[in-house]
Each structure stands twice: as C-alpha cells, then as structure tokens.
Amino acid sequence: MSSETASATAQRARGLAPFLRSQMRNIAPFLTLICLFTFFAFASPSFATLDNLGNILTQVSITGIIAVGLTFVILCAEIDLSIAAIANVTGIAVAYFTLQESYVNIANVPLPGAVAILLSILLCALLGLVNALGLTVIGIPSFIMTLAMMQIAAGISALLVRGQIAYKVPSLITTLGSGSIGGIPWLVIIAALMLLGGHLVLTYTRFGRYVYMVGGNREAAEYSGLNVKLILGAVMVISAVCSGIGGMLGVAHFGSAQQNEFDTYLLDSIAAVVVGGTSLFGGRGGIGNTIVGLFVLGVLNNGLDHVNIDSFLKILIRGLILLAALVINVYAQRMREKAAE
Amino acid sequence: MPEVRSPILELQSITKSFGGVEALRGVDFALRPGEIHGLVGENGAGKSTLMKIIAGVHSEFSGRFLVDGQQMHFRSARDAHAAGIAMVHQELSVAPDLTVAENVFLGNQPTNAFGLVQWRRMAREAGEQLARFGIDVDPMARLGDLPIGLQQLIEIARVLFSGARIVILDEPTSALSPPEVERLFATLRRLREEGTAIVFISHFIEDILHVSDTVTVFRNGRKVAETASAATSKGALIEAMIGRGGEALEHSYTDDLMLPQPSASSVILKVDQLSLSRSLKDVSFEARAGEVLGIYGFMGCGQQELSRILFGKLKPDSGTLFVEGVPKTFASTAAARRAGVALVPESRRDMLFHQEPVYKNISISILDRISALLLKPAQERDIAKRQVEQLQIRPPVVGLDLGMLSGGNQQKVALAKWLTYPPKLLVLCEPTRGMDVGAKNDVINIVRDLRTKGLAIIVLSTEPETVLSLADRILVLKRGALVREFRNEPVSKDRLLEAA
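Sequence lines, in order, name chains W and G. Heads up, the final residue of the first sequence is numbered 341 in this note's numbering, and it's a clean run with no missing numbers. Heads up, the final residue of the second sequence is numbered 500 in this note's numbering, and it's a clean run with no missing numbers.
In short, the hints are calculated from the structure, not lab data. Check before you lean on any hint, since a few could be wrong.
What the hints assert, rightly or not - SDA-like cross-link-like pairs, simulated, lysine to any residue; straight-line CA separation at most 25 Å:
1. 229/W x 354/G
2. 229/W x 349/G
3. 313/G x 140/W
4. 229/W x 313/G
5. 313/G x 233/W
6. 313/G x 134/W
7. 315/G x 233/W
8. 328/G x 230/W
9. 315/G x 134/W
10. 313/G x 133/W
As the list claims (entries may be wrong) - Quick list of simulated restraints, FRET-style, between CB atoms:
11. 314/G x 144/W: 24 to 34 Å
12. 109/G x 327/W: 28 to 38 Å
13. 222/G x 192/W: 48 to 58 Å
As the list claims (entries may be wrong) - Just so you have them, the derived chain W footprint on chain G, three or more residues with Cβ under 8 Å:
14. 350–356
15. 366–380
Glycine residues also receive a C-beta, built at the ideal position from the N, C-alpha and C atoms.
Model the full assembly from the supplied sequences, consistent with the hints where possible.
Next comes the structure, spelled out in structure tokens:
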C-alpha cells in the first residue's frame, strides 16, 4: 500500500526486526495462506491444478464483492452484520421485479431489466442509509443497529418470496452472475474490479484517507474538523450497496432466489476481512489484506473438500482457523504499538 | 534534609535508543527512601524515558537496574508494581464511567466472603483516603463528571495510597490549581516522612525547588547535574537544562505587566449570552482580528466547554455565536472548520493520530483544499516539510510516525495542522502545558506571528503565565461566568489569581 510506504521506509531505517514486527499484520495472513496452500498441494493431487484454482476464484467471488464494502466499515472500527441479509433481499428484489415462469407462484411485479436492477440497487442503498442514520443520527452502536437491519432485511425477503423460489433475473445479471468471457467467469472479473476499485478509493482518494483517519482516532478526526458522521454514514451505505451487488450476482450464480440463501456469507465476509489482517480496532489494513483473507478462506474451504475430510468436521476447522486469525489480529496490533513506542 | 540512607533504587549507565535515536546515554540515577527527587529537562531530554524504564513500561535497554541492591529486570508495568513501584503518567488514565470509589480501588475492591464487592465499605474508605488528601467529593459520583483537575488529583491519590515504596509523578501539577498543588505537596511531604521515595518531574521549576530534596537535570539524553535543591536556583537549573544563559527566557510575571490599548480592528467572533447547563452562564465577549484574547480561570471553570462550543463539538443550551457578524450554529466540527474556526485542544491524544506519519497529521485538516478527489501525497509532504521547518519540529522527518516524537514536538504538529491555511479564529487550549522553556518560547513566538498576520486568537489556560505571556486582553472565567476583564491596564499573576 503506497500510503504505508512512507512510514515503512522510515521504520526500515531503524532496523529490520522492528520493521517486521510492525508489519506483522500483513505478514502473518500471507504466511498462513502459503502454509495452507502447500499443505493441500501435498495432501491432494487434484488441489493445485489450474482448473481448481479457477474454482477457488469463482468460489470466493461473491464473498469478495461483499467484503469490499465490509472492509470500509471495519477500517472505521464499526461492524455490519446485515451484509448477508441485505445481499439476500437485493437478490430477491431483482428477481421479484423480473417476469418469472408461470409455475413460479409469486405475486411479482415484472419490470424492464434495467429498471429492476436500478430499483434493487436503490433498495440496498436505502437499507444502508437506514443503518447509517441509526448509527450516526440516533447513535445506536453499529453492532446492534445492523443486527436489527439483519432481521428487517430478512423480513422483507420473506414478504417478497413467501417461502417460494424465483428463478429468473434480468439478462444482464444472468450474464454477469453465471456467464463467462474467454473462459473467465464474469463473476470473477466483477469481483476483481470491485476489489481494485475499493483499493483505489481507500489508497488514493481523500475519502479513503478520511476512512483510515476516522478509524485510527475518531476523536482526533473530529478535532481536525472532519465530518465523522458523514464518513461513517457513507461507509455503511457503501457496505450495503456492495452486499446488494453481491446478492444480485449470487442469485444469478446459484440460479435461484430464496430465503436464507446467503446466510453463510456473513461469517465468511467478516472472516475474510479479519483473517486478512485488517484491524478490528480500525485504521489499519485494507483491500490488499482482504484479498489475502479471501484466498485463505477459499483455499481452506476448497482444500478441505479435496482431502476427503468429514464434512461436519469442516465447520469446526473453519471456526478454529477464524479464532486463530483473531488472535493474530489482536497480537499484531499489540506488537505494532510496541514497535511504535 | 533526611539522613543519607542506602539507595532503594539504583540505575547504572542506562542507555536506551528508539530506532537510531539515542534517548538516554549512560545515565546513572539513584533514589533513596524518604527522598523527593525532582527531575527537570527540556522536552525530549530523556526524563520520561528514564521513568518509563523504572516503571517497567520500556523493558528493552542496556545498563544495570538495582532495587534494594538486587539486580532486577522488569518485563512489564505489572512487574514494577509488584516491586513496589507506581507511576502517575502525564496523560490522565482513569475510568471516567466508574465512580470515584471504584477508581480509587481500581483492581482491588474490597469483597465479602462471597466475592461480592462491598460497596458501602469501598465508598467509606475511598472517602476517608481522599479526605486525607483534602479532597471532598461524593465517592459514588461518576468520575467523568468531575473537573479534570479533580480527576487528576484522584488518580494521584490512588497511586500515592497504593502502598508503593517508589512513586513517580510525571507533570502532576500541570492541571491543578494553586490550592490543589499545595495539597499535593503536603501529601508528598507526609509520604516522605513515612519513608516513600518520590520522583517528581515538572516543568514548573519553582514547584521542584519548593518540594524536592534533590534535583537532577537532563539534557539530550544525559544527566548533566545533580544537586541538593537548597543549593541551587531557578536560573542555575534553567542554564543547566538548556545550556545557555536562560534567565531572560522565563518571565516570572510577578510584576505588573501593562496590557496594550484594545484593538479597534474588525470583530471576528462575537459570543452572545452563551449558556450550557452547569458549565457556562451568560458568557458574552468579542474577539478581534490581530488580537490575542486570553481567558483565564481555574480548572473546571468552564473553559473546556467554551472552547468545544466555539468549535462545534458541543451545542450550547442557549446563546448565539457570530462569525464576522453572521450568526452561526455549528452542526459539526466540520462546519466550524469551514466557517474559519480552528481548535487545538489541551490533550494531544485527542487531536493527533499517533500511528500515522507526521505529514498525514499535518495535512488532515486541509486535505479538502489541496485535493478534490485524489490525494496528492507529494504536495502534502511539501506542505508538511515547510511547517516542520518553520516550527522547528524535531526530528525533521515528515514520514516518521507521530508517536515517535516527544510531547513538545507533538504539540507543534497540533499547531502546524492549522497553519497552512490560517483560520480566521484560532482557539488554543493550554498551548504550552507540559512544555519546556525552549518549546514554550517557540510556541509563544508562533502565536505572536499569527497575531500580526491578522488572526483572531483565543488562548484559554489555567496557567496565569501562559495567558500573561500571550494575551493583549484577558477575561477571567469563574464557575462558568465572566467575572473580570483586564484591558489597557496593569496586570500580574497576583491580580489574575485574585480575580479568579
């Protein structure tokens, strides 16, 4: 990250050991990734193939799209628990506004594809705005506010589909969610573009700097005359919109829109951001970290399938890896503070 | 002077460096039981570093460390605590949401047979302890509701009564009013009689001479002098601290000082009938361009609240602000900044980003002027470099993390962030608190320079010297109300204290 290089150069001058210690947050997840990859490559002949790498990329794409927005939120030392529910409701909404086959028993409102997409984006942005207002204007902690939003979004989903399953989405969404170009799935391309976009915004724009500063020391940001509430509100909306996009493409990818379809993405997205090394205390980390985190999770999920492990044990292993990452996250913060002393 | 006893604590040729920079070079230091040992030195001279080594905060250093003649190595503040060493840090560290009693007993609340906290007993004992210290507060009051000075006294009281044999106080008096300082000194003397060894760091050389038995002077990471307090003078200590004839630097302000004719230039800020619950009552005043308005009062007189209202951080219950004649109600600090108001609060921790490099700290409040969408790091660094040069910030490396700078230099960074595009109104809270003579003078010169550039400047301080050294006109704030204005007339420390 170029914004980091300045301090990195200054620190390098003080010797390698403190520099490494201060970079622990970035190094540890990367080492984890290399270890996991090496392990699975030796454990299963089918793991380290080009085909399978493509699989991994596709498998992490939806999580990746959602995690872009979540990275902004966590950098501000807030949390968004409504991401999966918002992804779900947005995916359902875009299907709701699309003409379904006659056997689908949903009282839906068919609209032209572009309008359907626009309305769905508006919906998720609106839900994000409600999160933002609750957090900044009323002052509800984001943890609780987004917990409520999780229920609200799930409730809207339930009302829209009423236990049924919809299949059709606008053709643009179908292409982006399940089509591919030159052998590369559009889904992977969109995820890559959104991650890149998130990185550019965080690293090279004024808004990105503000996000880091608000996360680094909220009080100081306020005493510097930044509009902290506006920035916090903006990241909540960004998070909701990223989730919504992930949800629409996800529905096309799965081929159906139904209740509770995205539930696992909540934990996966948070895990990707945190495992990657973005600080839960805010101000440290970034999209680069999130990408590493995504691959750690992707390799882990995919690799466990290849080594023929009890599928129930898989869940436990994932939980333990997440716990280990959290421990490293907190320790990295502590080591950095020591290095800065 | 107490009889000479063998040292309870002995440090031999201590060297400590941060990265390439040596903060301490071969320092010897000894502390005897029943001794109050004063430490003086400019910011960054190494006093705080040495004390942090003693208190176990810094565990990596070279040299010998003996407690009761036995070599020790503390890995953490907890180890130091176990050895009977306690420290009150420069920055307040209390739990504002807990009660006074809980803060006094933090970590060792009295419990009954079932392990439940005995609230009544805790409240009673806390009240008794504080009363010994001359503090009369409700032990069940929320600590954060008390004035900062009182909070600091309670923190000091907690450490003093924790049973430690060695107590280190880093700038304990900077937030205290004169009667509170006297109470603190009386307590220190009593503890000395009981055999406690006390290290007392302060920039107030009078305080050091007044209370300590021995004084040690630091300069550039070295110990340059150690003498009995009775055998030295303020002038001699200042000379040892800064290495040049320094009497002229620190004015004592005991004599009358003539305030100039009030400025007739345009009114930048008009405050009309400002009130805020218990903190401020019908405060009205004006600040003019090219004028430094000093607002003096004891800790908790409402200065802090007033400064926060001016910068849009607090909303007043009633009253109006006019900036250049236009009534304003700031919805946020961002609105205040856009209206041309800048604030440097008294706590550096509150306004700086310790994990970010210096240049980002300086550019943060002007980013919207130099970049619409994309950042311009090269320009940011240029701006920061200019400020670092102008304000003589050390070390002059804009890429260094702010946390690596000494307190005084951090304070300069806090000023620098507002100076690239000077505001119309600059509000400074305790601009020279905890600074050494040299840095203090630098800040005074910066402020005077800004005044000639036509800024309206408001300096709020609980130190009469700070207000007297800077202000053209002085208002005295007492329990939330303006009680006296000094303009075009003689004023001195005595007169200010009398009015407050």
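Now for the hints, and whether the structure bears them out:
no.: 1; hint: 229/W x 354/G; in the structure: holds, 22 Å
no.: 2; hint: 229/W x 349/G; in the structure: holds, 20 Å
no.: 3; hint: 313/G x 140/W; in the structure: holds, 19 Å
no.: 4; hint: 229/W x 313/G; in the structure: holds, 12 Å
no.: 5; hint: 313/G x 233/W; in the structure: holds, 18 Å
no.: 6; hint: 313/G x 134/W; in the structure: holds, 20 Å
no.: 7; hint: 315/G x 233/W; in the structure: holds, 21 Å
no.: 8; hint: 328/G x 230/W; in the structure: holds, 20 Å
no.: 9; hint: 315/G x 134/W; in the structure: holds, 20 Å
no.: 10; hint: 313/G x 133/W; in the structure: holds, 19 Å
no.: 11; hint: 314/G x 144/W: 24 to 34 Å; in the structure: holds, 26 Å
no.: 12; hint: 109/G x 327/W: 28 to 38 Å; in the structure: holds, 30 Å
no.: 13; hint: 222/G x 192/W: 48 to 58 Å; in the structure: holds, 57 Å
no.: 14; hint: 350–356; in the structure: holds (count 7)
no.: 15; hint: 366–380; in the structure: holds (count 8)
The structure shown violates none of the earlier numbered hints.
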